[in-house]
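Protein chains: 4
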Amino acid sequence: MGLKTKQAYIDSIRRMKPTAYMFGEKIASVVDNPRLRAGIEATAATYELAQMDEYRDLFVTQSPLIDEPVNRFTLPPMSIEDLVARVKINRTLGNWVGTCHQRCTGLDCLAALSIVTYDIDQKYKTDYFKRFKEFLKHVQRNDLTCNAGVTDVKGDRSLGPHDQPDRDMYLHLVERRDDGIVVRGAKAHQTGSLSSHEIIVLPTRAMKKGDEDYALAFAIPNDTPGLIHVVGRSSLDTRELDGCDIGNTLFSKYCPTVIFDDVFVPWERVFMCGEVEFAADMVVKFSSYHRQSHGGCKSGKIDCMTGAALTMMEYNGTEKAGHLKQKVIDMIHRAETLYGCSLAASYEGKVQPSGTYFIDTVLANASKIHEGREMAEATRLMVDVCGGFVADLPSDRDIANPEVGHLIKKYLKGKEGIPVENRMKMFRLVEKMAMESADTISDIHGGGSPEAHRVTILRETDLEAKKKAAKRLAGIDEGQPSRK
Amino acid sequence: MGLKTKQAYIDSIRRMKPTAYMFGEKIASVVDNPRLRAGIEATAATYELAQMDEYRDLFVTQSPLIDEPVNRFTLPPMSIEDLVARVKINRTLGNWVGTCHQRCTGLDCLAALSIVTYDIDQKYKTDYFKRFKEFLKHVQRNDLTCNAGVTDVKGDRSLGPHDQPDRDMYLHLVERRDDGIVVRGAKAHQTGSLSSHEIIVLPTRAMKKGDEDYALAFAIPNDTPGLIHVVGRSSLDTRELDGCDIGNTLFSKYCPTVIFDDVFVPWERVFMCGEVEFAADMVVKFSSYHRQSHGGCKSGKIDCMTGAALTMMEYNGTEKAGHLKQKVIDMIHRAETLYGCSLAASYEGKVQPSGTYFIDTVLANASKIHEGREMAEATRLMVDVCGGFVADLPSDRDIANPEVGHLIKKYLKGKEGIPVENRMKMFRLVEKMAMESADTISDIHGGGSPEAHRVTILRETDLEAKKKAAKRLAGIDEGQPSRK
Amino acid sequence: MGLKTKQAYIDSIRRMKPTAYMFGEKIASVVDNPRLRAGIEATAATYELAQMDEYRDLFVTQSPLIDEPVNRFTLPPMSIEDLVARVKINRTLGNWVGTCHQRCTGLDCLAALSIVTYDIDQKYKTDYFKRFKEFLKHVQRNDLTCNAGVTDVKGDRSLGPHDQPDRDMYLHLVERRDDGIVVRGAKAHQTGSLSSHEIIVLPTRAMKKGDEDYALAFAIPNDTPGLIHVVGRSSLDTRELDGCDIGNTLFSKYCPTVIFDDVFVPWERVFMCGEVEFAADMVVKFSSYHRQSHGGCKSGKIDCMTGAALTMMEYNGTEKAGHLKQKVIDMIHRAETLYGCSLAASYEGKVQPSGTYFIDTVLANASKIHEGREMAEATRLMVDVCGGFVADLPSDRDIANPEVGHLIKKYLKGKEGIPVENRMKMFRLVEKMAMESADTISDIHGGGSPEAHRVTILRETDLEAKKKAAKRLAGIDEGQPSRK
Amino acid sequence: MGLKTKQAYIDSIRRMKPTAYMFGEKIASVVDNPRLRAGIEATAATYELAQMDEYRDLFVTQSPLIDEPVNRFTLPPMSIEDLVARVKINRTLGNWVGTCHQRCTGLDCLAALSIVTYDIDQKYKTDYFKRFKEFLKHVQRNDLTCNAGVTDVKGDRSLGPHDQPDRDMYLHLVERRDDGIVVRGAKAHQTGSLSSHEIIVLPTRAMKKGDEDYALAFAIPNDTPGLIHVVGRSSLDTRELDGCDIGNTLFSKYCPTVIFDDVFVPWERVFMCGEVEFAADMVVKFSSYHRQSHGGCKSGKIDCMTGAALTMMEYNGTEKAGHLKQKVIDMIHRAETLYGCSLAASYEGKVQPSGTYFIDTVLANASKIHEGREMAEATRLMVDVCGGFVADLPSDRDIANPEVGHLIKKYLKGKEGIPVENRMKMFRLVEKMAMESADTISDIHGGGSPEAHRVTILRETDLEAKKKAAKRLAGIDEGQPSRK
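Protein chains in written order, with the working numbering: chain A, 126 to 609; chain B, 126 to 609; chain C, 126 to 609; chain D, 126 to 609.
Hint data in this document are derived by calculation from the structure and do not stem from the laboratory.
Some clues are possibly wrong.
A pair holds if it fits inside one copy or across any two, identical chains being indistinguishable in the list.
Derived DMTMM-like pairs (lysine to aspartate or glutamate); straight-line CA-CA distance at most 25 Å [unchecked claim]: (1) Lys-535 to Asp-336; (2) Lys-475 to Asp-207; (3) Lys-534 to Asp-288; (4) Lys-445 to Asp-291; (5) Lys-262 to Asp-244; (6) Lys-450 to Glu-502.
Same shape as in the complex, but just chain A:
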């Protein structure tokens, strides 16, 4: 046991037998499916970098729980240093994979559970925290990847869980047994669910009296009977399957909808069951951590996008154009803004009763609000800098065609001395980073909708202190009666 190599991780995923569908067909081997494999490779990078000399110190730390070195993606933050490392490993990985590495959400769940299970126990004398710690030891000892089963499909958004005409629109308890519970429902946008060993489920929203059956948290292996992963379509999803015009030659992302068709969860894996007033706290903690994670990985992706833009300027012969340099600066500025706010959220973190460190939510959400707007702008800038072939570059198969291949290579070249293949590869990468829906849309909807980030900021800010400051300067003494 202990830290897994990249290969050991892939082997361990190969050993799992999840029920999965894609394009209407059942998937026989997840790791041998080129589309899913590209996503698994992105997660595998979290194992690989942990074993590289250059990155080991950043990725590996000692777990106080099992007293062994662990990958940080299995460690709820126990210090400010841990909070800071979260952002830095995410930026490193975002840059390394140029897309989503898909392992952060599991950590964000572990971190949320490590706080809230303790708090529930304090109120109800339950033993969720103990169960959670046993699960966490298992995760750490086996260097497991976890997935965040948070986003319910939600049906009619104007109705709460128990008001839905079809009560399965939010995952809920359908049977309570001696040995565990049976649950039903579906979770959408389950980034990397087939690259994960464990699926952790948390409630997706605040709940109230009447929603008891919906206030659930638990963890189960991704191949638990009744679990069905339906891999959704993404904009470039046939490229990996075709093995041509892939763009990002190493990594990709996929997002299943995961259906819980009466799935059994043993009690030792249940971390919340009916304590409705803690649902809000569970989802707020998770999503705040997750919004902060994005500040790392997305700034890392912009680094990569900036690199693509700069390289393309070289290839096109435009590296001296002042207006393009301005656009590169605008890209860097966006990366640093996400990173800066997210880092500050770490440094300003505070310890919670359970001993876990929690980030500053206002700063974490400030970062995410920028992401929701500015990733699109960074992408637009990259496309502007690189040129129109992002839209319509001929296929590598056209290059391979002896009738026209030589003509395409002749006409697609840029600056003298740059191999035309390199220019075409870079255009493909830019296309991938700009136009891949699974990744780009998480800029907007990852970690909750943009409005949720905004509302959080308003709720978590001390508005009265600000009003008091203004009144003092204006000379308003509210103790005094009107001079009217």
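On the provided structure of chain A, position chains B, C and D as indicated by the hints.
Positioned in the frame of chain A, the structure of chains B, C and D alone reads:
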């Protein structure tokens, strides 16, 4: 002859035999290829609407040249009313097809030629204008679609045409014969080249002494020997081929690179040949017209995107959310801005020596600058309003699978009473409008790069008048000596 | 009678004897008060330009009502040409005065009244339209300036007119007599009320049953007994009074609060009295016209700001800096956007039952939304280009001081050959244009609050047409039952 | 000696006898001039808070140099904790004074000198660092305020120091004596120069061979013979002088131009003299620190602006308007962005050879770029939320006038129960925060021009690492020859 029906147009395209490649294979029948057909259908809409009672008056007008009713896409504007109609038919079509209809560029070339050929003749006693008018009669009488062969592949952007190590990087004359000329080069981003009867070629930039061989304008059928269309890859290009998860069930867009591999052009189809000082005027006229066209079609596309967002709010049960209404307003505002500036550019147009009306370039470019930024923002807003399934909606093939289809339909439903299929279809359309590279990237690079639009505004503005106004108010009399 | 000269206008204002206060003191002579005079001069420019060869054709037109040439500021638009001229005279004046000329609001009231009084008469057989036309003849024959008494002080914004604890918070009827009515209330932000011959009062918002006493429209001279003008403070208001460091050496703006302390209005000047359901129409018509007016004058002001920035670049020796040119382009782009949308709103205007032409409200509001954001941005760009002395330039009085004057002149000089006085004057003008509150804050709040512009756009847009377009493309046939 | 009380600080400033002019007159007593006093009070707050229980721990720390508690504004940062405290005391003060407190620039100079003097000594065996430490002890022991004499007047910006036609456009050495040097020139925008005990001079830009006489750093008391402070005009500068309609009833800001008319500086106060290659480092260090300081104080000012907006919503009865809450969120988001990036710049700081800690320049400049744009936007949002009376509120003198005072108070009231005076005071404060030029223009030009911040980001970023990441993903191996 005269106005073609939609069917007659498609038949006429079927009769052409262009050399075309896609994904490394030669295309036997353009109209029977589902991907190309979706683009051809979009152009076909320009014929269909011209025959519908609701739109005929807008689309059809009397040609003073052939004294017959013609489709406005064959008529260089001869009045302010014609200039205004350009914007309105484009907005109507943008909304109708939800993507690019691909017929505007040809009109923009015709309009530019109708001005500049006249001006060249005035200087050089050439007969380009007469040749052009004969060609125009042919286009009008046969209701042809033309394509704009403007954007050269350009090689090293820091070098001009005749400085390129490979002189074919800009299309140029390789032989001058008694009966015509032979040309070589390649034009990129040739939207709808296979949906067009004629390819019109114009220079892509200003030229100077030494560039004589590059200062060319002409028109040839799309199946002229030596012309090779290589259809580039777009982000969703396999969807139409697969016939599944198409999104826009009716229309699409494609963009070949067109290679001119020693193509012969008869003299009667040559409209410029060596008059370098008119190259700038040709491309400026074309691109100003074209930037204005975008103000129409792109506002029409936003209309459609707004409709998708509003529909999705109904389907999701979020139609009363104030923050989403604000986003819808932001979308509408962007559409009206593009439209308003583009309309104003028409109304403020001026007649040119040849009798053609030309738009106000500053206002046309003001519209385009907004497009370059704000289409991306309108798209982001649409995705924000609609929700995360734009990224990863299960395939229709999964729906058709008897093992999981019923579960997917169960869990993807929104508000009670809305068929789940409708909600899924709308998500697919949103995915198409947001993530289709061929169309979205033309927001940025169509009609020249964003920087070109900006430079045009600066060049075409009367800066001295503005300085004079400021000096008068500041009390600066520049006639007076310094009081120093 | 007929068109007044600038001098005749000022003489006519001198003859009026309004009750006015400023800084706690009663103003003896409005035209001799330097602060008010600078505002009056701005309005006087509307008379002056109407008599200049260069501008007469733009400013003067024939009135069909009195069959004499009149200044356009007294003519409700009777054609598309009139609507277009509105925007162009406003841009010309905005550039000429570099601030607000203060005469547009009166025209916007006349235009609204010329539509709505007719409509009320159609419903109630009243004779408001006839009364209005008599008033209009008076205005035209005497070339009068009118003011828009629209914005009530409003008290508690969460309550309607008749729900206010103090019912005077909206101007209302207090007595109905045989010869007229007596009204009480106050109107805020009465730009140029002392430069106007007549105060036109319109309701400030939609009204409903119970608000009858508040549904009033009328016109009275600015020195009617009971009318009290209290000139509010603006950021640079002491500069004109001191006669030093004025910045805009010719023109300025001021905004009184006008109190109606039981003011009598004769029936022939009452244009609405109790018809609550027309209040909304009155204010919507006025404000739409007014928002469009801003598209003209504010783009003219940006012209002047752009001129100041360009001049300063010359003076500072920075005229070749690429990043500053980009900022100038950004300024020009904003001017053209306001202008383009506003012009388009004119060209797309429609005739109303009374014969008056009304603009396209969506386009007019699109322009105003840009103004609300982009004037601040244009201002910021101007300050960025010009430099930090906008904040803290030494006074002309310091220049005049023999001990330090020579040193200041030595150290404030820019590029060789530019008189230091010119550079200082230009800094002062920039300070005035950037930091004068009366003018800059009207960018945001003039013509109603920014949210009002947005709500108007949503209300006036055909949302169903947009939804229909999206559904057609998505392949949704709502006639069909769910395939569920 | 040791920490000064607020009163002791004011007394110490009273004892200085600087030569100062304002509005053309010599100022007899700086502390008795109400305009200057309001600025001095803002600096005095840095002394007052250091003695308040609530803030002492934040403001006071032990100096390792003199082994006594000192105000942090006299301590070059010796640890990450010190770097972090910089941001927090600035945010606290920005909120406390609602404007600029004017003491940060001195600290930023001390910090820059504490690094660069050491580095110069290492190269040239000079003893600048020792001199500097002696000076620093003096500053710490007497709790002095220092001013940053950085921004030269610069003449023609296209020319370097020694190329100017008048060589005094950059401050320079005119005589080198045994006991010191004589300097001539002028520094602009000297915020708080008369509130400071010492003027620290640094070079304003990078220098090169030939500029030796301009590469100067030194410190002198603000009343040194030959120093002339000319207090420039700001937009609301007469308000404090008049003692009426002040807005911020406690604090303000002023900015002199300081002329060095052949001023003697003793050697022990000279910290750089001719070492041209260190000029760049000196100004880069200073300006990076200073840009970071802004991230603190300006976020504190936004806090205060947000408080004003929220209070005004209460007073106006609009506290439940959703669109106004959105604007408040936008304000908070901007504050947190400035703060977050600035904090992160601290936490990521690094120790320098001299032992001083320096911030991360990219993150510090990322914060400043936001400030340059977003303070204007936050201000616009505040004005939007509060309403139009920011432009033209009647004077307190009008309130005091018995003829109209009662009417103004009647009509300016908002929601029932809110004293009208409070609403008016809050409008005045908003006017002050929005329209005061000395403070608002420093958002743009403080710490160097916006372009300087951008260029810094580009220069300090590792562009090659980004390119490498993109190439790896694209599959580009630059070691291999082209497959062409």
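Against the structure, the hints come out as follows:
For the homomeric pair Lys-535 and Asp-336, the shortest alpha-carbon distance between copies (21 Å) is at most 25 Å, but the shortest distance inside one copy (65 Å) is not. Both within a single protomer and between protomers do Lys-475 and Asp-207 lie at most 25 Å apart by alpha-carbon distance, with minima of 12 Å and 19 Å respectively. Taking the shortest Cα distances, Lys-534 and Asp-288 sit within 25 Å of each other only across copies (20 Å), while inside one copy they are farther apart (61 Å). Only between protomers do Lys-445 and Asp-291 lie at most 25 Å apart by alpha-carbon distance; the minimum there is 22 Å, versus 60 Å within a single protomer.
In this homomeric assembly, Lys-262 and Asp-244 come within 25 Å of each other (Cα to Cα) only inside a single copy, at 20 Å, whereas the closest approach across copies is 51 Å. In this assembly of identical chains, Lys-450 and Glu-502 lie within 25 Å of each other by CA distance both inside one copy and across copies; the values are 15 Å within and 22 Å between.
Hint compliance for this structure: every hint is met.
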